[in-house]
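Asker: Here's the letter readout for the chains.
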Amino acid sequence: MPASRNATNLKEGAKKAAITKGITYLEAICAAQRRVLEEHPEVFIYGQDVGAFGGAFKATKGLAQDFPGRVLDAPISEDAMVGLAVGAAIEGMRPILEMQFADFSSAGFNQIINQAATHFWRTAVPVPIVIRLPSGGTSGSGPFHSQSMESLYAQYPGLVVVCPATVEDAYCMLREAVRIDDPVLFFEHKYLYYHLKAESLPEDTLPIGKARVVRSGRHATVVTYSAMLHEALLSAEGMAKDGYEIEVVDLRSVKPIDTDTVLASVARTGRLLVVGEAFPWGGVTSEVIARVAGEGFHLLDAPPQRLNAKDTPIPYHPDLWKAHRPTSGAITAELQRLLGF
Amino acid sequence: MASPALVEVALRTYRSMLLCRVLEGRLGSLYRAGGRIVGGVYLSTGQEAFSASLAVHLQPGKDVYGPLIRDQAGRIAFGQPILHSVRTYFGSAAGPMRGRDGNVHWGCPAEGMPVMISHLGSLVSVVSGMLLARRMKGEVGMVGATTIGDGGTSTGAFHEALNQAAVEKLPLVVAVANNQFAYSTGNERQFACENLADRAAGYGVEGYRVDGTDLLSCLETFRTAVDRARAGGGPQLVVGNLLRLAGHGEHDDAPYVPEALRESDLGRDCMQKSAEFLTTSGWTTEKEIAQWKQEAAREVEEAVVTASGEAGPDPFATEWHALSNTDLSEGINVP
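From first to last, the protein sequence lines are chains A and B. Per the working numbering, the first sequence starts with residue 1, numbered consecutively. Per the working numbering, the second sequence starts with residue 1, numbered consecutively.
Everything hinted at is true.
These stretches of chain A come out as covered by chain B in the derived footprint (C-beta under 8 Å, 3 or more residues):
#: 1; segment: 80-93
#: 2; segment: 112-125
#: 3; segment: 178-191
Just a few of them, taken from the derived set where beta-carbon distance is under 8 Å, the chain B residues facing chain A:
#: 4; residue: R100
#: 5; residue: P109
#: 6; residue: I117
#: 7; residue: V127
#: 8; residue: M136
#: 9; residue: D327
Now the in silico label distances, taken between C-beta atoms and shown as ranges:
#: 10; chain 1: A; residue 1: P202; chain 2: B; residue 2: D314; range: 42 to 52 Å
#: 11; chain 1: A; residue 1: A267; chain 2: B; residue 2: G34; range: 49 to 59 Å
#: 12; chain 1: B; residue 1: G282; chain 2: A; residue 2: S106; range: 54 to 64 Å
#: 13; chain 1: A; residue 1: G62; chain 2: B; residue 2: G312; range: 48 to 58 Å
FYI, nobody ran anything at the bench for these hints, they're computed from the structure. We put the CB at the ideal spot given by N, CA and C, even for glycine.
Using the sequences and the hints given, assemble the complete structure.
Answerer: Structural data, given as structure tokens:
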């Protein structure tokens, strides 16, 4: 196994998280899995190192011990992992797969998009699978442990694609994902694993498919999701000091996209910036802009803008990495440009 | 003296092969006539004995069977109606795939028969998943079987799945029909080991090699493999040596198959070989075979007539949702 598979770069974050109290995003994901294992006998977890070891990030910590025979280590075989999950789902099970890193899901891509995603349409037999994808950039992780692949999967019919940005959503959306009869790609952001905390976990939240207006404003709308939500909120806070009220919408799920909530926000502000951490060509940000341009052109006072990572592989060095992904600073610069139109 | 049980199984297998051959002959004619069949036609000529000998040892309702491209004989031996095949080729709305997928891409997942996709090797882990699920639910004594060709064994998916099944010690039988050519590419450009069955040891599974043109050898080998898997012996890898006596599809006249190979023992038609064996052994007569052939022709004609009268899918009435949960589907909501 390559040394790069270790999550050593995140250990520092874990130590920091231990200092103050609260439930982290990562703990919420573990708690959600514990809960669905308790509630649904059809659930089992399958992935590399998820068993006694508790997962590379410890998202399945203690589960193998408490649910014997239902949390299984997989060989390094992403293709066969997804194929096995499809077969089990045909038989009425509800497998949760853990990809050790979202990046490695490319090795299971065929089974996801051709086997799982086409199954219901072709056969009328749904396959309820949840694939958890530790996703997105963290400092020092480099090109193969940092990717944001939600746009790629959202392109294919037959998949639900969600990107929770908060501890509460991570907990509730994972539990809901398990109840959905179709394949759900659950993109959990590694940067948020230790950085976010909640006092307690809610029983319910907005359903998958609904966006949330996280901050109200009237001068411009930022539509975003996952870790970029927090960059956008930082930016909005800074802009408020200059008198600009920025509305921030968290998409929560990128397939389907809650176009109505986005359009309602643009109707209030007249200006739109869409921010995503994925690569810039096509994708979620383009899709949101296409929909707003198509359905809400009359609502726009300025050309809609988007901000993504750069069109290069994700760099290793922290200074390069910070410049590669959108940050609150970059979002502020884009907003200032947008407000100048 | 052969046991009555063996004779019964051999004759049942042969009748599946015969019905397959008659059906495929008709599908080939329909393809060449043009019109009714939209896409390609993929025949299993020469592979019927190998295919049916596996499926005849499976128990519909208890076992899982994941057939691949050249398993029409196996489908029949597993008890699936030929009408499903004809309807799928015709794109009939009444068929199991409702015109959404075609030709050899059909199955009944809820009845233990998953549907292949075109990406070779990827069906093996699906069958494993079905077996694992059944084991988790406490079922015992079931077997899952699937087939692949010589070319399919070169995929990463095949390797991953066989290794995975071995790790899980699943009751899986994988039949490799080595028909010498992956489309046009011969064995010498496909793999470098002497026999694909040699790989079994590397996976830690049982390996078998069998003359895929010989009915009795196929029946005996698959009976052993299926019994061992059922008894908890883990995955079984059966490699049959044979020759595809048709093109990759009916569009292909297979000029890449050397004449000498066609005329060798490998090129002997398993139908003819089986008929000779069954009659000389006194298990059946030529007269009885002729009668079965007539019955098969009638059955095929009935299926063709039935499917011909059926409508294709209506694009205006189709639910354009790729998700079962239509609330989450963007199918018709996107402008």
